[in-house]
Amino acid sequence: MPTFTDMTKCDGCGECVDICPSDIMHIDPVYRRSYNIEPNFCWECYSCVKACPQHAIDVRGYADFAPLGHKVRVLREKEKGCVSWKITYRDGRVKEFTFPIRTTAWGSIKAPDDYDPPDAESLRSPLLAHEPAALKVAALPALAAAAK
Amino acid sequence: MLFVTNPFALLAESIPPLFMQCYIALMILAVAVGTLIDLAHKGSARYFALRRQKSKAAAQKQLGIGELVVLAIRTLGTEVATSGEFCKWARRLSHLLMYYGFVIYLVATVLMAFAYPKAAHTPVILATAWNIGALMVLAGGGWFFFRLRVDVVQERHSPFHLVRADLFIGSLLASVAFGLGWHLAQTTAGNEAGLTWILFGLYLFFSTLLFVSVPWSKFAHMFYKPAAAFQKRLEEANGSSDLPRPSNARYIVR
Chain A
1 MPTFTDMTKC
11 DGCGECVDIC
21 PSDIMHIDPV
31 YRRSYNIEPN
41 FCWECYSCVK
51 ACPQHAIDVR
61 GYADFAPLGH
71 KVRVLREKEK
81 GCVSWKITYR
91 DGRVKEFTFP
101 IRTTAWGSIK
111 APDDYDPPDA
121 ESLRSPLLAH
131 EPAALKVAAL
141 PALAAAAK
Chain B
1 MLFVTNPFAL
11 LAESIPPLFM
21 QCYIALMILA
31 VAVGTLIDLA
41 HKGSARYFAL
51 RRQKSKAAAQ
61 KQLGIGELVV
71 LAIRTLGTEV
81 ATSGEFCKWA
91 RRLSHLLMYY
101 GFVIYLVATV
111 LMAFAYPKAA
121 HTPVILATAW
131 NIGALMVLAG
141 GGWFFFRLRV
151 DVVQERHSPF
161 HLVRADLFIG
171 SLLASVAFGL
181 GWHLAQTTAG
191 NEAGLTWILF
201 GLYLFFSTLL
211 FVSVPWSKFA
221 HMFYKPAAAF
231 QKRLEEANGS
241 SDLPRPSNAR
251 YIVR
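These protein sequence lines are chains A and B, in that order.
Heads up, the first sequence stops at 148 in the working numbering, and the numbers go up one at a time, no gaps.
Heads up, the second sequence stops at 254 in the working numbering, and the numbers go up one at a time, no gaps.
In short, the hints are calculated from the structure, not lab data.
Some hints could be false.
To be verified - To give an idea of the chain A side of the interface with chain B (calculated C-beta under 8 Å), a few residues:
1. Thr8
2. Gly14
3. Val17
4. Asp18
5. Ile27
6. Pro29
7. Tyr31
8. Ser47
9. Pro53
10. Cys82
11. Thr98
12. Thr103
13. Ala105
14. Gly107
15. Ile109
Said to hold, decoys possible - With a straight-line Cα cutoff of 25 Å, these simulated DMTMM-like cross-link-like pairs (lysine to aspartate or glutamate) come out:
16. Lys56/B / Asp58/A
17. Lys54/B / Glu79/A
18. Lys9/A / Glu236/B
19. Lys95/A / Glu235/B
Cβ coordinates follow ideal geometry from the N, Cα and C atoms, glycine included.
This is chain B alone, in the form it adopts within the complex:
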């Protein structure tokens, strides 16, 4: 039942679908506004524009549209689609699990809440995708949270010693964990059970925290990362990178 039922269709028996749809729209708005506030507060847009200008001035070669398109495709294929910038396979895999899990979970949530809010026969694939996406986030996020975080692994802090940098990962994990818990309670204890409502309240609280805390959390890195990766590739291609030129020597003999 868990993997084939639409949790929002069950919820629609108690809460009007319009309420859910308004909530999702408000959260999307919160992310957009939060990212703009973050951009203005950190000066990221100004920094990128300045770096672009410097790169243009120091360019040894002007790139054509075709070369720019190739760079954009490479950025999409490497940094965006496969998190190629991570040098450790464990971090890369956990990040990919979280990234794709979150995207699948989010798309399934929006489709189920808007297209099938009351439908008894929501396509099974959507309900399954919602559950699998949430489980992927939990797996990748839990792995990162307990086994890969630098302050935990290298600095030997307790995994439960939380700092502001944990706001994003913490609220994301709590949101999907309580979401899954709520759905499990819905399908086992029933939609009206007290436990179901408690878990739903926690799910709502952490989901709101995740989307409203964008100016203080790492959420917006999803939008900055592709821009920074493209700029790095651009600088390497037009010769304006400030890194030393790759060496022609080879010292490995054994």
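Only chain A is shown next, with the shape it has when bound in the complex:
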């Protein structure tokens, strides 16, 4: 089910435009609110739904196989580290689910720009960027041959 923005709730902050991996969330040139320019290309990752601070983005099925009338609403509570979904079926049934999305405080994860850029010598190392410090261990086990 692709996403769509309820323009009466959107405040045009651009979080969804920023996060969409498919680059299909854009700003409407008339109302300056976000909208999904191409639902067919939506990966349905729901990053925008979870990122929206105004809870303005819902999801809905394609009208050809999922007749309209249902509703999917999302509430992200970043201070609790969870996202809740409320599904209202066309026959009136309602189901609610809550999922954990993280265990660390919101904003505590450093962005790639916050790290020092690796030097050329790092290309010879079997370690990935910022390992082992980023894994909070002193050293990673290595094969004997690689260690030599």
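Mind docking chain B on chain A? Use the hints.
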């Protein structure tokens, strides 16, 4: 001189005050008519009435007058007075600068044009408020226009790539910028200088555009926003909100 002189009293030496007062009255009328056209065209009133009905039908709790008054006060204090609905501090601050700047500028304009159109001794506070209000709009608006607009920041468009959504902010910024420029020219080059008249013409053009373009611009959001914010609070309070219930779980451990 700039901050202590009434620009409309200086203008009254060339243009009758009645002309200015009629112009302001016409602009107020244009905003009222434009908002009504906008309401009818977009169906906003119908949408709100429908949403109100749905909310009433789905309400799990009937709210008393006292609770409604508390909700209205909270809406006034949070969304209207401090733009609390904005989640980013920069957008909130720039919006507040524009909002309060525009209100101060507008009130000072109306008072100076109607109460002191010819007075040599307009209260200094009014002239100062007019200038400070315009500068606040320029500061907040310029910040938004060049550094905060999503199509500029996130979509990497040029700040000068203008779309219809820019009609309100563009005409507002141009109006106050040319207004300040005109006042500066009045106090330095003189009331009769050619530059003063050119800047006055531009000020008049963009001010007219700002108030006459209400059906096509975002101007009317000033009136819709409090209504939408109140409705949102009402739905949360009476249990008719379609959002999931807040979770009792807490997953943040570090």
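Hint by hint, here is what the structure shows:
{"no.": "1", "hint": "Thr8", "verdict": "holds, 6 Å"}
{"no.": "2", "hint": "Gly14", "verdict": "holds, 3 Å"}
{"no.": "3", "hint": "Val17", "verdict": "holds, 4 Å"}
{"no.": "4", "hint": "Asp18", "verdict": "holds, 5 Å"}
{"no.": "5", "hint": "Ile27", "verdict": "holds, 5 Å"}
{"no.": "6", "hint": "Pro29", "verdict": "holds, 4 Å"}
{"no.": "7", "hint": "Tyr31", "verdict": "holds, 6 Å"}
{"no.": "8", "hint": "Ser47", "verdict": "violated, 14 Å"}
{"no.": "9", "hint": "Pro53", "verdict": "holds, 4 Å"}
{"no.": "10", "hint": "Cys82", "verdict": "holds, 5 Å"}
{"no.": "11", "hint": "Thr98", "verdict": "holds, 4 Å"}
{"no.": "12", "hint": "Thr103", "verdict": "holds, 5 Å"}
{"no.": "13", "hint": "Ala105", "verdict": "holds, 6 Å"}
{"no.": "14", "hint": "Gly107", "verdict": "violated, 11 Å"}
{"no.": "15", "hint": "Ile109", "verdict": "violated, 11 Å"}
{"no.": "16", "hint": "Lys56/B / Asp58/A", "verdict": "holds, 22 Å"}
{"no.": "17", "hint": "Lys54/B / Glu79/A", "verdict": "violated, 31 Å"}
{"no.": "18", "hint": "Lys9/A / Glu236/B", "verdict": "holds, 14 Å"}
{"no.": "19", "hint": "Lys95/A / Glu235/B", "verdict": "holds, 19 Å"}
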